[in-house]
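Asks: Go ahead and model the full structure; you've got the sequences and the hints to work with.
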Amino acid sequence: MRRRSSLPVTFLVPTLAILLVLSMVPTLYAIVIALQNRELSAPGYSWVWFSNFADLFTDRRFLNAVWVSVKWEIVTVIATMVVAVGLGVLMFEVASPRLRNFYCLLFIIPVLLPRVSAAFVWKFAYHPLYGIATYPYRLITGGLIFDPLSKPGTALFAVASVDVWQWGLFFAVIVLKLLETLPPQPIEAARLDQAKRWQIHAYVTLPMLKAPLISLMFVKMIESLRSFDLIYVMTRGGPGVATETLDMYAFSQGFIESGKVSYASAMAVLMMIATVITFTMLWKRVQA
Amino acid sequence: MKQYRLRPGRLIAKAVLALAGFLAVFPLFWTALNALKNNVDIITRVPKVIFTPTLANISYILGRDSVLTGLYNSAVACGAAVLIGIVLGLPAAYAVARYPNRFAGDIQFFVLSLRFLPPVAVAIPLMVIWLQVGLYDTLPALIVTYSLLTISVIMWLAIPAFQGVPKEIEEAAFVDGYGAYSVFWRIALPVAARSLIGAIAFSFVLVWNEFLIALMLSSSNAKTLPIVASELSQQGMNVPWGILNASVVLLSLPPLLFLSVLSGFLNSVFRQKKS
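Protein sequence lines, in the order shown, are assigned to chains A and B.
For the first sequence, the positions run 1 to 288 when our numbering is used.
For the second sequence, the positions run 1 to 275 when our numbering is used.
Mixed in with the good hints there might be a few duds.
[Unchecked claim] In silico lysine to aspartate or glutamate, DMTMM-like type, Cα no more than 20 angstroms apart, as pairs: (1) 14(B) to 180(A); (2) 284(A) to 106(B); (3) 71(A) to 59(A); (4) 210(A) to 180(A); (5) 71(A) to 223(A); (6) 284(A) to 223(A); (7) 196(A) to 180(A); (8) 14(B) to 93(A); (9) 196(A) to 93(A).
Read the hints as simulated data drawn from the structure, not as lab findings.
Replies: The following block contains the structure:
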């Protein structure tokens with residue numbers, strides 16, 4: 001009954017045009033800036049073409065930032081998925097419907113918090129002398145000091161724990177909802193075959209949920225790119241450069257330390273190219 | 001029934017769940033508690049649970065101009081951006097959901113791909129652009145930038161919401177002589193309203209929590225609340241912790257107001273999948 005109507009054009013075209021302008025102008029301009037030598041302090045500039053990019057590959061701090069970003073991505077994505085699947089399955093197994101609802105509500109709270117708030121909450125909690133999270137350690141060891149945020153070996157994991165606190169718990173809720181959508185027959189069949197509880201999940205339910213779980217991981221990979229707020233508040237990339245991810249380094253090059261906007265933009269462009277290529281490929285794979 | 005026998009495995013599982021539930025909210029609860037403490041009660045080696053509460057931190061926070069300006073800026077920037085997202089995003093989502101064309105898949109991918117863009121990659125050029133146009137550090141600049149976020153997120157979430165509206169209802173309305181636009185206004189919007197409100201709330205939380213872009217696009221006038229809160233701590237530990245905790249609580253309250261809306265939204269998304 002749907003006759004030809006002007007609706008799709010009037011509804012779609014303006015929105016898409018605005019989205020295109022809002023996204024393409026900064027993207028293209030980022031590339032333009034990256035090919036120049038703009039600085040915040042000086043108004044003039046000239047074209048330097050690819051020398052910013054050439055400089056990046058000999059910049060050891062940049063290479064460190066790449067490595068930290070990769071570590072961050074791997075640690076947070078894997079830990080989030082492990083926590084999510086673990087808690088999701090546990091809720092599915094042992095919690096009554098009412099208790100499930102209660103846990104779901106609790107587990108959504110952390111992800112709703114602004115990252116800045118979450119970062120502060122845990123920065124206080126990790127304080128070596130007065131923090132609530134380090135208190136058990138002080139209690140057991142009789143007052144020894146443990147300062148996870150200022151040790152190069154633990155700082156990244158301490159910040160990552162906040163990310164997992166926000167996303168792992170939230171994804172646990174989603175994993176539970178996914179498990180609830182499964183038809184009960186295969187689970188019953190496996191139970192009749194005397195399969196143990198963990199076997200049912202490892203060989204029946206989780207493989208059935210492979211596609212949505214991969215999509216979930218994909219979402220987390222994208223969200224993990226937004227680590228800036230946590231790191232900025234909790235460690236500022238420190239101690240040293242132990243938690244300096246790419247966006248943190250780009251920010252400090254462009255704004256805090258030297259105002260080298262073009263250099264920072266070159267970094268941002270590389271990040272953009274890498275993420276767009278990676279995620280486009282992954283997305284096509286997920287959809288296929 | 002076999003599965004309800006008490007076994008050590010089940011007990012451990014329940015304990016792990018209880019611990020996770022505790023970890024989910026306790027740090028926030030503790031922060032809220034600290035917001036009510038005098039500094040001497042916070043800076044103790046053994047955490048104090050019993051103390052005489054004070055409202056000094058909260059009244060200090062609410063009395064500061066920078067905080068009030070931040071609150072105002074956040075409210076205006078997020079409110080306006082969400083409004084623009086609604087006006088532009090919902091109709092577009094409806095068109096994609098109900099008038100399939102050969103670009104539908106590409107459009108959806110394009111909208112999603114905006115989420116891949118690293119925020120720094122958007123913020124640096126925009127800062128230069130806004131500086132040149134003379135709008136740097138103003139709310140309009142922030143609103144336009146945030147609109148990119150809100151339009152794409154609302155559109156992304158509203159497409160499945162509109163697809164969930166039973167086609168029969170819309171067809172019946174066409175038979176009754178409704179035009180395409182009035183079907184959108186009078187049928188699709190009200191029927192999908194619950195899910196749409198979830199999508200809108202989500203986009204609000206997203207921009208309210210946004211930090212990096214606001215940090216780069218403001219220097220004094222247009223600072224949003226997250227920026228103001230983060231600056232309080234930059235003054236080192238000279239700022240009493242109670243005040244910082246109070247500002248964290250203030251910043252976290254608006255998103256938490258949407259807790260029930262968003263968890264309802266989550267439920268409706270998965271109920272749709274089941275049927």
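Asks: Broken hints, numbered, in rising order?
Replies: none
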